[in-house]
Amino acid sequence: MPWLQRKVPEAKNTGRCKMTETTSAPVVPWAYMSPDGEWTIFPKEDCDKLEHAMDGNPVVVNDGHFQVDVKNRVMTQLYWEDDAVPVMRCNWLFETRKGKFLPIPEPEANAISALWSALSPEGEHHFCETIQDHITGRSTVLSSAKPVDDVHDLLNKSFSQCTPRQKHRHCNAIHHGFDRWADVAVHRNIQHLVFVVHGIGATYDKRKHGKGDIYGQVVELQANSEELIAKYLETPGDADSILFIPVDWSTVFEEMGDNLHATFDRMALDSIPNIREISNELLSDVPVYMVRQTQVLRFVTKYLNVRYTRYMETHPGFTGDVTVLAHSLGGVISYDLLSMQTETLNDPALKLAFTPTTYIQFGAPTGFFLGLRGNMQGDAMVLPGVTNMFNVFHPLDPVAYRLEPLIDLQSTITPPFQVEAAGGKKPLHMRLQDWADSIGSSNNSSTKTSLVTSNQSEPDADPADTATLTERVVARMNPKFQRLDFVLPASTMDASLSMVGAAKAHTSYWGNLDFTYFVVSQVLGKPNGRDGKLD
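Just so you know, we're using full-length UniProt numbering here: the sequence shown kicks off at 1 and counts up by one.
If you're looking for bench data, these hints aren't it; they were derived computationally from the structure.
Glycine included, C-beta positions come from ideal geometry on N, C-alpha and C.
Do not take every clue at face value.
Estimated spans, in silico, between C-beta atoms of each pair [stated by the list, open to error]:
#1 R472 to G56: 35 to 45 Å
#2 A268 to N189: 22 to 32 Å
#3 A421 to A268: 53 to 63 Å
#4 V382 to H187: 54 to 64 Å
#5 P86 to D347: 35 to 45 Å
#6 R472 to T294: 24 to 34 Å
#7 V141 to G56: 19 to 29 Å
#8 P273 to K44: 51 to 61 Å
DSS-like mimics (lysine-lysine), calculated; alpha carbons at most 27 Å apart, straight line [to be verified]:
#9 K100 to K49
#10 K44 to K71
#11 K98 to K157
#12 K480 to K231
#13 K71 to K49
Produce the complete structure using the sequences and hints provided.
Here it is in structure tokens:
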């Protein structure tokens, strides 16, 4: 939810306040507590829905991405399991000098409202704090004069008690209702759905920490993507046009009923317990998937279809693109599932309710699995319905494998395509390497040339046959760039400390701005931001 927060500008304290007249009835504000502990006011349309929710059913808010249980005053995610956050009706708000609005707790606010309703609607009312009434329009004046009656005296005491002076020292105003709707985050214009499939270890994370890392990772992706789009792509409306939805398949092994991880723990040796735990809980996901492939694929299919259908129900006008973004073993699972989406598929439990236009796997051992199976080369590697596929990896990732060399085992291996850093500026060590490469032989192929050109240097292969096969397959899998393998730039530290870099490379993608920038560029169809060129 951090992408919904917006700072409200500071208001000036004039001392004399009267509600601005409007043609529509005033809307009582509602707010939720964001992850950083700050209260964030809902958009006006959502506040109106919450105020008039009488049937007890959950109210869908924030562009249909969350739902509010009005009775229990909590908000939850609509598309994945996450901690509920508090919600409050804010008919009275305290405004700080810095323009922050803090809800006065509902019991105190209700008591103030009862006293406020006893005031005469005519004349001016004097109080020890600046009061702005946007609901009933009563005129107020900031004054230190003695209260004229018990009601004013009680209200003054209530306002003083509700003013958090110790934390904020100075009160700009106390508001009855709200009038800064233009400063509240507006509705988002989602044009691209991105389903994010996690890799190994999520079951372990959930058992250890209560929930999988995938949720926090998706929030990080969302925040970074909006920041990068706003900074580099410069297209109005793009910054909030992508929605990342996590795909959590970590409970699939539990639902199989045989509790395999507990069985592995029972059989494990007593020595080196920490390493045994990692082996049993994390690495065991790989062989389990190899044996239970159909069950896992059915689970992931159902998960994807439920989330997609739910999104379409709350956004019936959505006509945008869908992308699948998959990490590690999630890349193998996603590739297997997408490869099955043909007209001849006879298992309805494996049929997706949508066709993704783009598939991006990162840090994935898909090439290893396909090579192990031995029957997935050449044209057999093409994913039905997917327009563009990308295999992205960090150069030090020990889990990732390439795909291009598997297309034709007789062809020359071409270096992967070098992804530029976010914003197009390469790190110093990469620029030095480019300079050194430029001094070399002019016969060396550039990493940005086509696969066909590099194959012509292979003396033992038939250039025509090899070029035709490679060109045809890669063009079908990624006609956009005629490449499949994309390597991220390594930092100077990673490049000099390979062992240390390798240890963290496999999990470094989530916070890697170069990776996030590459992903959003492909999702938005803007290869390299401003100039529209990847190179």
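So, going through the hints one by one against the coordinates:
{"no.": "1", "hint": "R472 to G56: 35 to 45 Å", "result": "59 Å, violated"}
{"no.": "2", "hint": "A268 to N189: 22 to 32 Å", "result": "51 Å, violated"}
{"no.": "3", "hint": "A421 to A268: 53 to 63 Å", "result": "43 Å, violated"}
{"no.": "4", "hint": "V382 to H187: 54 to 64 Å", "result": "38 Å, violated"}
{"no.": "5", "hint": "P86 to D347: 35 to 45 Å", "result": "44 Å, holds"}
{"no.": "6", "hint": "R472 to T294: 24 to 34 Å", "result": "31 Å, holds"}
{"no.": "7", "hint": "V141 to G56: 19 to 29 Å", "result": "42 Å, violated"}
{"no.": "8", "hint": "P273 to K44: 51 to 61 Å", "result": "56 Å, holds"}
{"no.": "9", "hint": "K100 to K49", "result": "24 Å, holds"}
{"no.": "10", "hint": "K44 to K71", "result": "20 Å, holds"}
{"no.": "11", "hint": "K98 to K157", "result": "24 Å, holds"}
{"no.": "12", "hint": "K480 to K231", "result": "24 Å, holds"}
{"no.": "13", "hint": "K71 to K49", "result": "14 Å, holds"}
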